[in-house]
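Student: Residue numbers (this note's numbering), protein chains in the order written: chain W, 769 to 1073; chain L, -3 to 367; chain D, 8 to 380.
Hints are supplied without guarantee of correctness; some may be wrong.
[To be verified] With a straight-line cut-off of 35 Å between C-alpha atoms, the simulated DSBU-like cross-links for lysine-lysine are:
hint	chain 1	residue 1	chain 2	residue 2
1	W	K983	D	K135
2	D	K355	D	K365
3	L	K49	L	K112
4	D	K300	D	K379
5	D	K230	L	K171
6	D	K218	L	K49
7	D	K135	L	K186
8	D	K218	D	K365
9	W	K790	D	K365
10	L	K49	W	K790
11	W	K983	D	K126
12	L	K49	L	K186
13	D	K355	L	K186
14	W	K983	D	K137
Simulated from the structure, these hints should not be mistaken for lab results.
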Amino acid sequence: MAAQAEVLDAPSAQSSVPSEVKARRRWQLALFIVPAFLFQFFWGWYPMLVALFLSMTDAPIRGALTWQGLNNYNRLLLDPLVPMAFRITLIYAGLSILLTFAIPIFVSILLMEMPPNVMRVMMILWFLPLSGIASTLFWQYLYNEQFGLFQWIATAVLGLPPQSFLSSQNWVLLWLILPSILLYGPGLYYLTGLQSIPRSYYEAAEIEGAGFWRKIWTISLPRLRPIIAMTLLFAIIGSLQEFTFPDLMTRGGPNGASRTVVMYIMNILNNARYGDATALAVMLFALIMVATLIYRIVFKADPDQ
Amino acid sequence: MSSVQLENVVKYYDSALLPGAAPALDHITLEIRDGETVSVVGPSGCGKSTLLKTIAGLERPDAGRIFYNQTEVTQIPTQERGIGMIFQDYALYPNREGQGNLSYYFEVRKKTEEEKQQRLKETAEMMGIGFDLLLSRQVDTLSGGERQRVGIARCIVRDPNVFLMDEPISNLDAKLRERTRVEMRRLLSKFGITTLYVTHDQQEAIFMGDRIIVMRAGRVEQFDSFDALYYTPANLFVASLIGTPPISVLPAERDGLTLRLHSGDSWTLPEALAHTLPPGRLRLAVRPEGWLVALQPGDGLALNVTHIERLYTERAAFAHGQLGGAAINALVPLDFPDTRQVFLQPDWERSYVFHADNESALHVPGVPDLF
Amino acid sequence: MASITVTNLTKQFAEKTAVNAVSFELGEHEFLVLVGPSGCGKTTTLRMLAGLEPASGGDIYFGERRVNDIRPRDRNVAMVFQDYAVFPHLTVYDNIAYGLRSRGASRALIHERVTAAAKTFRIDQLLKRKPRQLSGGERQRVALSRAMVRDADLFLYDEPLSNLDAQLRHQAREDIVALHNQKQKPSVYVTHDQSEAMAMGDRIAVMRDGKIEQIGAGGDLYKSPANLFVAYFIGTPSINLFDVTIEVEADEFYAVNPGLRVRLPAEIRDALQTYVGAPVKMGLRPEDLHSPKLAPFAVTEFNQIRGIVNVIEPSSTGCAVYLSTIEGVPQDFTATFRTRLPATYLEKEIPLALHLEKAHFFDPQSGLSLLKR
């Protein structure tokens, strides 16, 4: 058999691709890439370079630019609210990744184990399409300290003393993140990913003696890994730039306890300190860059290679 | 109807920029005669589907020319070449009934109702009994074999120059495949349409093709009748691909009249054969029916039989084992005794010898004179 | 003592009875093949044996143990899947070791078994690779190795060869036989390919519409099919079936249709007695049609058929000739020869001698065989 396999697989001396064909293919490939490249340049790299430049000027809305060198950055480093905003952003990002990214993986896996009809109902409930503003109003009602539903549950049902929810400096971040478990969930991606895993993998594992947890650990999670990697990247980038939801819910309060970097940038802008705002944006960009690089190192290879 | 010629056709895919890339079609020159059915067989990735698509015009060659009936069509778009294509997934328009599928061509070509009815009627008559019943049914309700018949009919109404089929029946189950291919073969010879038939199944290729193209790595290894491929293969690849159970290949070394296997055992070659072979490393290849199988040692080498497979349906049995590092399947009579050991010698008249390195044929049995 | 006993096994899906009261026993070291067209219930039967599909009725016994309500992982079966179900993110080694690890085997035992199995199936050089780098044949051998390392009570195979190229199938068949011979355990093998079934099974169960039509050794199914379906299903090319009427003339029995009038052997008169004047189906295997000059029996005007040669299919042992009759409604039939028929016979009319001692007769309504061979 050895000899035979050798015969069938034998790659005979192959003629290599002539250079004019390669040149033509390169040219064709270039034609495909150019539009994307131009788009990326004008809407991605060019504004970035401009921002980097503006961050070293006073960046007035009108009138002449004044070169500031690193003055903007120096000023920001001396501002105690800047490290605070970064700290809050990092906590917010960490918590929201933990809750909105990790929990749906397990919920999805559990959903997959349910009968199809139960799963369908759960999916509809979970991924109810809600508009952002409407759901903000809804959650503001839930968290309301006088007649909100949660206050009622806390006092009337659980018999706790009145809670401060969004006005608690210590807990406000957690309360802000909870809704996104339901609103923004990559759960749908996970479910789609799970559904594309061949059933025979689970059946083979079952026959080979694997229990519930072993099946999840050795099949579901590794097969989901590419999707997990993708949503994690989105979650990192998205949560570090979080703005809309906390701004609508708390406007950064109480006492700046929920003021993220982007919200602080808005504050500075509102004070017409355009150069400082740009410099802070560049700093946030650097943070995201570092986070992405760390991510790239951790999630390196395709699990199937 | 027409003949098809390919002249030095070369096709590269986009992977051409990757290191080690090879052409999908590597200087293919061949001629398919008018009215002939030619099957194309080869391992996956050998370029057989690319060959079909290039002839169809779905892929443009990077070099070389294609002719239908001596007229160059290299730059002519697919829809103007007058071809009929049938694919694995039937490619019928599912929400039309069989008749709608046939008449679609006339609708897009703006032919008159009269022309249409006339041609439909002719086709249905030629397709044989019961075909008019198929025409009135929705495609969804047709079985796989029936769909293929409608598919063929759809091509025939257009009076194609060339028929191109890519694995048209590999979705059907075994018994249905057997029936459908008889039907297709008969229709094709009745209509006398030049046909290229791509398949990965060598048995189907043998059945369907008047001649067979064997492809590997973008090149035509051999293009000939089944008998020529079977008895006079150009190289070891062709010999291994054609014939089931597959030919056994034993690496060996010739020294005078002695042919020594890797295991150290040896046979004595007949003088006439020995003189035609170069000394040194060779590959001996023997088909299942090419072994002289004995129960007593004599000139034969001992083969430890792992298992005797008795095929009542083929009125034959095969003794399996390993000899000199190669898997052996030796044809024995159906009533051969259950034994753990037999003694083997190639029937030198029916054995094949190939070059050890480039695997070209050094000795082949030649087509036997049967009548 | 049977090691696997299945009685009245039934599977009811929403609207369809996929498996209908199937019963069989499996000996200690027996290799049973379930064969039938797609949708006949063979795979569902196999999945019920594995526990992947709950049975709607009937019993499955492994030895004395009724396993109907036992989970797959506690049944101790090994299974080779059609798509191999080799985990793409695990190396070959980890794939083979998967079952042993699930069951908490020692590291040394795992290493010993995995390397031995990999060696048997010639993948010992590939243990560190991921499945994507393997060919289809190699992946299939990973799946076989995974079954090989287990001490299962029952080995199940779900069409394991259907995704392989023809040239690899023969070797893969030998590999499965090797696995079976080494494990010496009962095995059930599902395929739709009757020639694969004939090559592999100690016994073969032919299934149709959720029922076993006949179960027995390959040679028995071929020589004495219980009914029309089994006769047609087993054998390539398929058995020739002729619609004939039984007529009696001067104490001789004849099978008659517009293109055919043949005299039947005396031995089968009793069996056909009640069918005189009635239509029956006469079946003749392609190998029982002979060239009149080479026939191993006396050729008379009453055992011949004439046909036009449509297709000649060459094979390594001779050829198969596809013909059709001329008189009346053209009817297709097939003959296989030990020699090659030259292409010059195409479109020609040739006579063929029928070996009527080998003919089968079936009731056209029930399909049951009229002869007890």
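Student: Please go over all the hints and tell whether each is borne out by the structure.
Tutor: How the hints compare with the structure:
| no. | hint | in the structure |
| --- | --- | --- |
| 1 | W:K983 - D:K135 | holds, 22 Å |
| 2 | D:K355 - D:K365 | holds, 27 Å |
| 3 | L:K49 - L:K112 | holds, 29 Å |
| 4 | D:K300 - D:K379 | holds, 31 Å |
| 5 | D:K230 - L:K171 | holds, 19 Å |
| 6 | D:K218 - L:K49 | violated, 44 Å |
| 7 | D:K135 - L:K186 | violated, 55 Å |
| 8 | D:K218 - D:K365 | holds, 27 Å |
| 9 | W:K790 - D:K365 | violated, 66 Å |
| 10 | L:K49 - W:K790 | holds, 22 Å |
| 11 | W:K983 - D:K126 | holds, 28 Å |
| 12 | L:K49 - L:K186 | holds, 25 Å |
| 13 | D:K355 - L:K186 | holds, 14 Å |
| 14 | W:K983 - D:K137 | holds, 19 Å |
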